[in-house]
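**Student:** Position chains U and V against the provided structure of chain L, taking the given hints into account.
Each chain, written out:
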Amino acid sequence: MGPYIVQRLLQSVFVIIGVTLLSFLTIHLDGDPTYLYVSERASQEEIEATRAKLGFDKPLTEQYFSFISGLMRGDLGMSIRSRQPAVDLVMQRLPATLELTLFAMLISTLVAIPIGIISAVRRGTPTDGGIMLVAMFGQSIPGFWLGIMLILSVGLQLKWLPISGHVPVIDLMLQGDWGQALSNIPKAITFLIMPAITIGLFSLSRNARLVRSSMLEVLSQDYVVTARSKGLSERVVIIKHAFRNALIPVVTMLGLEFGFLLSGVVVTETVFSWPGVGRLVTNAITQRDIPVVQASVVVFAVLFIGLNLIVDIIYAQLDPRIRLR
Amino acid sequence: MSRNPSRLGKLFLLTLLLVLIVPVIANAQTSDENTLVIAQSVDIGQLDPASVNSRSEANIFYHMYGTLFEIGDDGSITPYLANAYKVSEDGKEWTFTLNEGLTCHDGEALTAEDVAYSFERAADPANAFTGNTAGFVLPAVGYMGTRVDDDLNVTILTDRYQSIGLGLLSEVYIHCKDSYSAMTLEEAAQNPIGSGPYKFVEWVPDDHVTLAKVDGFTLRETTFATQIWRVIPEASTRVAELIAGNVDVIGNVPPDQVEAVNGSGVAGVQAVQGTRRIYVGFQFGENFKDAPGYDALQKTDVRVALQYAIDVPTICAALLGTECTRATGLVNDPNGNPNLQPYPYDPVKAGELLDAAGYPKDANGVRFETTLMGPRGRYLNDANVVQAIAQYLTDVGVVTTADIRDWADYRQLTGPKEVGPMFFLGSGGGTWNALYDMADLSAPDAGTNYTNWQNEEWFTLWNSLADIRDAGQEREVINKMLEVFYNDPPWLLLYFQPDFYGVSNRLDWQARRDEQIVIYNAKLK
Amino acid sequence: MATTTSSRALPVSLMPPPLPTWKRAARSLLKAKWPILALLILGIVVFMALFAQHITPADPNRQNLIERLKEPMTYNPDGTIKYFLGTDGLGRDLWSRIIYGAQVSLAVGVMAVMVGGLLGTSLGVVAGYRGGRVDDIIMRLADIQLAFPFILLAIMVLVVLGPGVWNLIPVLGIGQWVTYARIARGQTISQREKEYVEAARSMGARDRRIMWDSILPNVLAPLIVIASFNVASAILAEASLSFLGLGVPPTVPTWGGILNESRDQILAGKWWPAFFPGLAIMLTVLSLNILGDWLRDFLDPRLRGR
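Each protein sequence line maps, in turn, to chains L, U and V. Using our numbering, you'd call the opening residue of the first sequence number 354 and step up by one each time. Using our numbering, you'd call the opening residue of the second sequence number 7 and step up by one each time. Using our numbering, you'd call the opening residue of the third sequence number 3 and step up by one each time.
Since the hints were made in silico from the structure, they are not lab data. The C-beta atom is built at its ideal place from N, Cα and C for all residues, glycine as well. It is possible that some hints are incorrect.
Below, in silico cross-link-like pairs of lysine-lysine (DSS-like), each with a Cα-Cα straight-line distance of 30 Å or less [stated by the list, open to error]: (1) Lys-406(L) / Lys-423(U); (2) Lys-423(U) / Lys-295(U); (3) Lys-35(V) / Lys-25(V); (4) Lys-406(L) / Lys-183(U); (5) Lys-540(L) / Lys-205(U); (6) Lys-305(U) / Lys-367(U); (7) Lys-183(U) / Lys-98(U); (8) Lys-305(U) / Lys-512(L); (9) Lys-219(U) / Lys-531(U); (10) Lys-16(U) / Lys-540(L); (11) Lys-72(V) / Lys-84(V); (12) Lys-16(U) / Lys-35(V); (13) Lys-512(L) / Lys-531(U); (14) Lys-355(U) / Lys-305(U); (15) Lys-295(U) / Lys-305(U); (16) Lys-512(L) / Lys-367(U); (17) Lys-540(L) / Lys-219(U); (18) Lys-540(L) / Lys-512(L); (19) Lys-411(L) / Lys-423(U); (20) Lys-486(U) / Lys-305(U).
Pairwise CB distance ranges, derived in the manner of DEER restraints [as the list claims (entries may be wrong)]: (21) Val-366(L) / Pro-59(V): 56 to 62 Å; (22) Glu-200(V) / Leu-17(U): 51 to 57 Å; (23) Glu-415(L) / Glu-200(V): 49 to 55 Å; (24) Asp-155(U) / Glu-401(L): 32 to 38 Å; (25) Met-150(U) / Glu-415(L): 34 to 40 Å; (26) Glu-401(L) / Glu-126(U): 17 to 23 Å; (27) Ser-124(V) / Val-366(L): 26 to 32 Å; (28) Pro-79(V) / Asn-370(U): 29 to 35 Å; (29) Glu-401(L) / Glu-208(U): 35 to 41 Å; (30) Gly-483(L) / Thr-331(U): 56 to 62 Å; (31) Pro-59(V) / Lys-355(U): 31 to 37 Å; (32) Glu-489(U) / Glu-415(L): 30 to 36 Å; (33) Gly-482(L) / Gly-45(V): 20 to 26 Å.
One chain only, chain L, in its complex shape (with noise of 0.2 Å):
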């Protein structure tokens, strides 16, 4: 198992430097990002002073090879905009992307896992047809337009839930409040129910067909044939034996689903004025601060392989066959 994880590690850094070049590239790919640094009304010497100041004058590679020292000594850069080392901007909000992609995984995964079940359970009925359909539909739908269908109906007509904010419970952890994170919770559930389902709906939907295919696999295999026949009740049967394998590629999506709801996240918090990494990149990359943009592509790059990292483990332990590659 070590020399798997040494593995991973190395292949992670090289993922890493990947990940951060192919950002760097693309966003200097542009012309002259002085000119947004710059009030609109600035004289010539001023917008002259700004990019020399800022370091757009300097050649790429002078440029992309002081990020990289830089990123050795973990300096990730100062943000342009606001002149705070561009790490610091990404981790103030990462808490609130934490929630929110947290609490949409959690709702996706409990949500399916007993949806799929039913709908396995009574396959072919029309309860599973329906769960089906709407399953479906949950895949189908654009992500800003339910959020906005959500604010409209949910928030404004219904008043059942606060329309946009957001209450910090990670941050406070993080802190060391533990008394006023865990009051928070309630208050902060309300605020995370709408941005989570409209960044969660397709995974949830994805993932109760997924419970339910991988379910209905398992209820024909022989050993689960072969355990009814022993007369064993079919609750036990399906508890016990079905319903830990056909959990297993759920356990295989998180991985890939934590990076997928990342994406979802950059719309949705534009959507709910969610202050989370999101947002921070979307207005980064159109104001080309570079810094932020690197520091957040390197943050999501570990966090997402770190999660995997995780889940392989943990599906090694599963699943012998893995661990002997």
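**Tutor:** Frame of chain L, contents of chains U and V only:
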């Protein structure tokens, strides 16, 4: 209970639902009579008063910091930190007398030396500030330095007389020397120490800024104990929050949603005639000489003809949700030339003038082709207005392709003047003096002369203004210049951008015309 | 999993033909029922896409500011229908724009899939067949791609290159290649050990020949399933990118673009400019998903028999 696993699943789901519903029931939001909530679409970037770079920053900073004088959007001048000023004979020295007993929020006394410091710090090349003060105000006023005359009197030195000098100098946020010289630039960007009616409490990035009323601030009357400036980028979400009663004031209400707000019973829309000049520029720069339509657009006759091709009032009514009078020039009312009439919408006349200019319609009805560049997401309904204008031009035979870019991209092209042969743009203006608006074209190579207009008469007249101190004479020259502008238009004249503010019915407050949100004077009805 | 194959499995071309494919497909469709509706809907969409120029009642880009935001089923004075689905914020006929939108949205989706599919399949087959270093490099590239949330990559590239159909297609295509590559690689690995491949190689056939003739046909089936899902997700991705202002320019109608332009009008009570393109997207994506599901079920038992 049967041994049915799907029952179990259903029970689980029900439990989950209950767990989520409890907090929902507990969710009640009320508006507080001591807290004012304002929602803007863009967050601040940092907290250093010398680095203010955007309107949303300026709005918040205006409440944290005092300025020498306050200029109303109608041009009225009100004493603020200073109670008097005088200008030297040669117009190059502005002396301000401060009120007594002023302090910064950390208790430090605010005197003349702090005012001087506020200017010097912004101008110091070692600090390399970008932003309104260093990038616009100081160069525009011709800043040369400061001189502290005594505790309450400070003089700003400039290199030439500027009749709009008072307004410009009043855009500088005054802060204290001891507190700021003790901080590095990084620290200053995170720890504002102000001098205004509200002090900084917290900034949750991308979420909100909280300000609290300063009890000892006697220069102005303020009602609300707390101001929360929220960030809500999505327009529909902003309006939804306003209607839900969670926010008191929002800016940029989309014109189509004005009716919904007014009908909500919770808030209403204040439609203000803004001061931002919206225009289509004709590019005279050499770099576009091979672009389609460039040659035609160099001709004054063609540019005058095209003025008749656009139905500006309909554009305003349909796309901006407001009635408007077409601009006759680049100057806001009431400072324009009263003798000039707006070009009317007359496509037939446009066709005749184009024929006369040497551009008749060919067999396909095409006179010539050209391109109109424009941004998306910066000005009110900009992308739609650009498309509408392209359609109007095409209808008179000038087949126009609309080339719409994202604002960040577009801004990078306008800066080096790489937009053309026609381009859509807006420029902030003011109402207190015609020259503020005309300063866009202060020199043929001025950074804001995006069209590269070279009309000699205009620039000669502009330079002559430096020698004129009499208001009447100045007015004559201004009128003459505006006539030149009208007859050899570097702009396809459009409109002044209206601003729509959504204001809660509980609030007694009037929005300004110059995009500034000054709200310390707001009260409950 | 499936209990395959004796080492005497033959390449596709030499096996005795089972029931004609289309007959089996028809039977399966009739049994499953929903895919028939899906095919119908997709057929309509494809028809709209192919014949847009001929069937639109009005010019989709013709503005008429006076006629903006007219309701659906607006009639002419003589009783004929003027605006079937109403008009949008610039007075353009919504129905015409949706028909043209079918053209662009579908073209973008299909071409993106072709780009991604070609790229991914070739890389996957090569990786699976060659193994070793080549395999490693390609899989690392895949990892890098996956570690990068697609939308960030799309935003960066589109912000830099500018919006436009011909920038959008490669971006969406590159976002997908890994899904094809992984499956192609897996299938290739399981196929290359088969004896018929050994046999062909010992007879002197070149690598490329083997990959093309023997391996590729077996790989295609699951890829087609993925492709249909990916067209769906490409259409959804285009909608999201339009929301961020990075889709096609506003002068070109796509469903995502129309939806994006109309989002401010929903709160104003003018529901139709947002509803109909949203509906179009939903129905098309739904149909693609249903079809993909059916395809997967249909093709799967056959694979098991190999």
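**Student:** Could you run down the list of hints and mark each one as holding or not?
**Tutor:** Each hint, compared with the structure:
1. Lys-406(L) / Lys-423(U): 22 Å, holds
2. Lys-423(U) / Lys-295(U): 13 Å, holds
3. Lys-35(V) / Lys-25(V): 15 Å, holds
4. Lys-406(L) / Lys-183(U): The given pair, whose Cα atoms are some 25 Å apart, holds under the 30 Å limit.
5. Lys-540(L) / Lys-205(U): Distance ~28 Å between Lys-540(L) and Lys-205(U) Cα, so the pair holds.
6. Lys-305(U) / Lys-367(U): At roughly 17 Å apart (the allowed maximum being 30 Å), Lys-367(U) and Lys-305(U) satisfy the hint.
7. Lys-183(U) / Lys-98(U): The hint holds at about 25 Å.
8. Lys-305(U) / Lys-512(L): At roughly 59 Å apart (the allowed maximum being 30 Å), Lys-512(L) and Lys-305(U) break the hint.
9. Lys-219(U) / Lys-531(U): With Cα atoms ~19 Å apart, Lys-219(U) and Lys-531(U) stay inside 30 Å; holds.
10. Lys-16(U) / Lys-540(L): 26 Å, holds
11. Lys-72(V) / Lys-84(V): 10 Å, holds
12. Lys-16(U) / Lys-35(V): 28 Å, holds
13. Lys-512(L) / Lys-531(U): 25 Å, holds
14. Lys-355(U) / Lys-305(U): 17 Å, holds
15. Lys-295(U) / Lys-305(U): 13 Å, holds
16. Lys-512(L) / Lys-367(U): 59 Å, violated
17. Lys-540(L) / Lys-219(U): 27 Å, holds
18. Lys-540(L) / Lys-512(L): 15 Å, holds
19. Lys-411(L) / Lys-423(U): 22 Å, holds
20. Lys-486(U) / Lys-305(U): Holds, because 21 Å separates the two Cα atoms, which is no more than 30 Å.
21. Val-366(L) / Pro-59(V): 56 to 62 Å: Cβ of Val-366(L) to Cβ of Pro-59(V): about 59 Å, so the range 56 to 62 Å holds.
22. Glu-200(V) / Leu-17(U): 51 to 57 Å: Hint holds: Cβ distance 56 Å, inside 51 to 57 Å.
23. Glu-415(L) / Glu-200(V): 49 to 55 Å: For Glu-200(V) against Glu-415(L), whose Cβ atoms are near 53 Å apart, the range 49 to 55 Å holds.
24. Asp-155(U) / Glu-401(L): 32 to 38 Å: 35 Å, holds
25. Met-150(U) / Glu-415(L): 34 to 40 Å: Distance hint for Met-150(U), Glu-415(L) holds at roughly 37 Å.
26. Glu-401(L) / Glu-126(U): 17 to 23 Å: 22 Å Cβ-Cβ, so the 17 to 23 Å window holds.
27. Ser-124(V) / Val-366(L): 26 to 32 Å: At roughly 28 Å between Cβ atoms, Val-366(L) and Ser-124(V) fall inside 26 to 32 Å, so the hint holds.
28. Pro-79(V) / Asn-370(U): 29 to 35 Å: Given range 29 to 35 Å: holds, Cβ gap about 31 Å.
29. Glu-401(L) / Glu-208(U): 35 to 41 Å: Distance hint for Glu-401(L), Glu-208(U) holds at roughly 37 Å.
30. Gly-483(L) / Thr-331(U): 56 to 62 Å: Check passed, 59 Å falls within 56 to 62 Å.
31. Pro-59(V) / Lys-355(U): 31 to 37 Å: Between Pro-59(V) and Lys-355(U), where Cβ atoms are some 33 Å apart, the hint holds.
32. Glu-489(U) / Glu-415(L): 30 to 36 Å: The hint (30 to 36 Å, Cβ to Cβ) is violated, given that Glu-489(U) and Glu-415(L) are roughly 53 Å apart.
33. Gly-482(L) / Gly-45(V): 20 to 26 Å: Holds, since Gly-482(L) and Gly-45(V) (Cβ atoms, about 23 Å apart) stay within the stated range.
Hint violations for this structure: numbers 8, 16, 32, all remaining hints satisfied.
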